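Chemist: For reference, the chains in residue letters:
There are 2 protein chains.
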Amino acid sequence: MSDTMSRITLARRPKGAPVPEDFKLETGPLPAPAEDEVLIEVTHLSLDPYMRGRMDDVKSYAPSVGLGGTMTGQGVGRVLASTADGFAEGDMVTGMTGWASHACLPGSEVRKLDPTLPPSTALGVLGMPGLTGWVGLNEFGKPKAGETLVVGAATGPVGSMVGQLAKQMGLRTIAIAGGAEKCRLATETFGFDAAIDHRAHDDAASLRNAIAEVAPDGVDIYWENVAGQVLEAVMPLMNVHGRIPVCGMIAWYGGSNIAPENQLPAMWRSILVKRLQVSGFIIFDHWDQYPAFLKEVGPKVAAGEIAYLEDVAEGLENAPDAFIAMLKGGNTGKQIVKL
Amino acid sequence: MSDTMSRITLARRPKGAPVPEDFKLETGPLPAPAEDEVLIEVTHLSLDPYMRGRMDDVKSYAPSVGLGGTMTGQGVGRVLASTADGFAEGDMVTGMTGWASHACLPGSEVRKLDPTLPPSTALGVLGMPGLTGWVGLNEFGKPKAGETLVVGAATGPVGSMVGQLAKQMGLRTIAIAGGAEKCRLATETFGFDAAIDHRAHDDAASLRNAIAEVAPDGVDIYWENVAGQVLEAVMPLMNVHGRIPVCGMIAWYGGSNIAPENQLPAMWRSILVKRLQVSGFIIFDHWDQYPAFLKEVGPKVAAGEIAYLEDVAEGLENAPDAFIAMLKGGNTGKQIVKL
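Keeping their order, the protein sequence lines are chains A and B. Here the UniProt record's numbering is used: the first residue of the first sequence is 1, the next is one more, and so on. Here the UniProt record's numbering is used: the first residue of the second sequence is 1, the next is one more, and so on.
Don't read these hints as lab results, they were simulated from the structure. Note that the structure is a prediction, hence the values are computed from the model and not measured. Note that the Cβ used here is the ideal one computed from N, Cα and C, for glycine as well. Be careful, since some hints might not be right.
Per the computed footprint, the stretches of chain B lying under chain A, defined by three or more beta-carbons under 8 Å from a beta-carbon of chain A, are [what the hints assert, rightly or not]:
| hint | stretch |
| --- | --- |
| 1 | 13-20 |
| 2 | 30-39 |
| 3 | 49-55 |
| 4 | 86-94 |
| 5 | 179-189 |
| 6 | 199-207 |
Could you build all of it, start to finish, from the sequences and the hints given here?
Modeler: Structure representation (structure tokens):
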């Protein structure tokens with residue numbers, strides 16, 4: 001058993017795309033587990049796009065990596081020593097080891113792996129990307145058999161999970177991917193019903209026509225990994241009551257190709273980073289709730305607990321003028337015409 | 001009892017803001033109720049912004065009014081004659097009478113009014129605008145005591161309902177309204193905790209500062225009636241897990257003040273008209289679902305029913321290069337580093 005460990009630290013904050021000089025390989029003494037800790041020899045490390053955000057010193061949903069600090073990340077590995085209940089030497093486990101050959105983690109933050117599965121699956125298909133696809137599809141995509149799903153970056157670890165789960169639930173699944181090879185993977189390996197190569201289309205309109213051809217019933221769920229031209233292509237194809245889980249927006253991460261007047265990328269970023277829920281609704285879908293509303297609010301109005309204002313115009317012949325004035329903001333309360 | 005009726009028809013489709021010449025007052029014979037119908041003498045007619053959309057010949061969530069057809073709308077009135085069960089002469093009722101002195105409607109589409117309340121309340125505070133505020137707040141705003149709500153067009157029939165309901169649920173309520181008189185109404189009549197006059201601010205940043213002063217804990221629910229500068233002001237103040245029910249976007253209805261590069265207004269319109277649900281999410285909020293995910297998907301991976309791809313780099317020292325390549329799209333499957 002070696003008595004040194006190695007780790008990769010953040011040497012400086014990248015400007016735009018990271019370069020090798022932003023990282024540094026360092027070595028040091030092997031740590032010993034403190035109370036309730038597990039010393040792990042890392043066998044596999046996960047690399048994920050979210051790590052790019054951690055390299056910047058900006059407020060996001062998680063703290064950034066400090067300069068000189070170990071790059072964060074999930075790893076799997078073998079227990080070398082443990083003072084935590086439930087872990088013994090030789091156990092295969094996973095936890096946030098960081099980019100390092102070894103890590104000491106509290107037992108409560110380490111999980112034992114199912115020995116019947118390859119350990120690396122805990123980082124991908126059965127790790128964070130897999131969970132992302134599963135949670136996002138079920139909780140925010142709300143899939144129903146017979147619906148149509150479009151997935152951007154469809155062969156990635158998240159997109160391929162979303163597509164396969166949706167297909168198994170009886171949805172029509174359409175992959176957007178870059179290049180013929182990824183399109184082949186999408187249909188042959190991941191079972192998408194159709195795959196569209198976004199590189200084969202010069203603009204959003206052309207991409208839209210290609211999607212429309214394989215989505216004759218429109219799109220019910222658009223899984224947003226990409227934004228940019230793919231979003232622009234899909235939006236007009238969305239069906240009423242469609243859902244858009246916003247999981248990523250690769251096309252807009254750099255920011256260089258965004259017109260200053262375009263407020264959509266900033267909105268999309270807010271929706272993602274702040275986990276906002278934006279819901280369009282129209283009351284004509286909800287008349288069934290009218291009796292419940294009347295039962296709750298009617299007595300409050302009768303008791304004077306809910307105030308209301310009415311602007312009353314007199315005579316049917318004056319309805320057009322009252323309507324025209326109302327559209328210009330001329331009224332204060334609810335506009336009524338008394339006949 | 002008169003034997004004629006009058007109605008207001010759509011004489012031509014408006015270009016931009018409607019003008020009086022777009023409407024026509026017509027008279028005709030009083031209809032007689034067919035089987036299961038109610039003949040109503042209209043006493044009050046509701047005027048609502050949605051009617052403007054019905055005057056255009058474009059696909060929206062409801063059919064447009066035909067040229068020469070009666071303007072659609074909800075009315076209340078007195079039953080003059082009925083062949084429908086449950087309705088008798090003299091009953092006060094409401095239904096989609098249109099802009100007309102009289103209407104024959106199927107009994108199934110007519111509702112009797114509570115005689116203890118003024119009939120016109122069925123068109124406003126206890127009608128479509130009231131229901132809109134109640135459903136939208138509860139179902140899409142998901143209010144919780146202690147949270148902060150910002151409402152655009154806060155003294156309107158929808159906004160004032162939203163503000164009062166939220167206040168009664170223990171939220172801090174902030175009104176955005178145009179002019180000192182409406183701001184006074186917002187706080188004195190509708191009980192908002194604070195009211196901001198958007199006309200007193202030249203740009204979104206100034207309006208944002210004013211809102212921030214009265215929303216020290218940020219904004220949890222932004223009730224969208226207005227869009228434009230108000231939306232721009234509120235967005236950076238939104239808290240994590242905030243909700244935005246999109247009910248209207250008055251500032252963008254005309255379309256003339258929108259930069260061609262700005263894709264947000266079209267997105268907002270799609271969200272509203274198609275009743276889309278856009279949900280930002282980040283997997284770190286959902287680790288509690290990991291056991292359920294593993295229980296469902298783990299066996300599928302073991303059985304080969306869920307395919308996955310891994311790109312494996314060898315050696316910790318090669319993690320930076322693999323990471324840099326991955327960010328450029330160089331990988332196909334889940335990127336792993338084998339140590």
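Chemist: Now tell me, hint by hint, if it's right for this structure.
Modeler: Status of the hints after comparison with the structure:
1. Interface restraint, the stretch 13-20 of chain B with chain A: holds (4 residues with C-beta to C-beta distance below 8 Å; minimum three).
2. Figure legend: the stretch 30-39 of chain B, annotated as covered by chain A; annotation inconsistent (0 residues with Cβ-Cβ distances under 8 Å, at least 3 required).
3. Look at the stretch 49-55 of chain B against chain A: 3 of its residues bring a Cβ nearer than 8 Å to a Cβ of that chain, three or more, so the hint holds.
4. With a cut-off of 8 Å between beta carbons, the stretch 86-94 of chain B has 0 residues touching chain A; three or more are needed, and the interface restraint is violated.
5. Against chain A, the stretch 179-189 of chain B contributes 4 residues with a C-beta closer than 8 Å to a partner C-beta. That satisfies the three-residue criterion, and the hint holds.
6. Figure legend: the stretch 199-207 of chain B, annotated as covered by chain A; annotation inconsistent (0 residues with Cβ-Cβ distances under 8 Å, at least 3 required).
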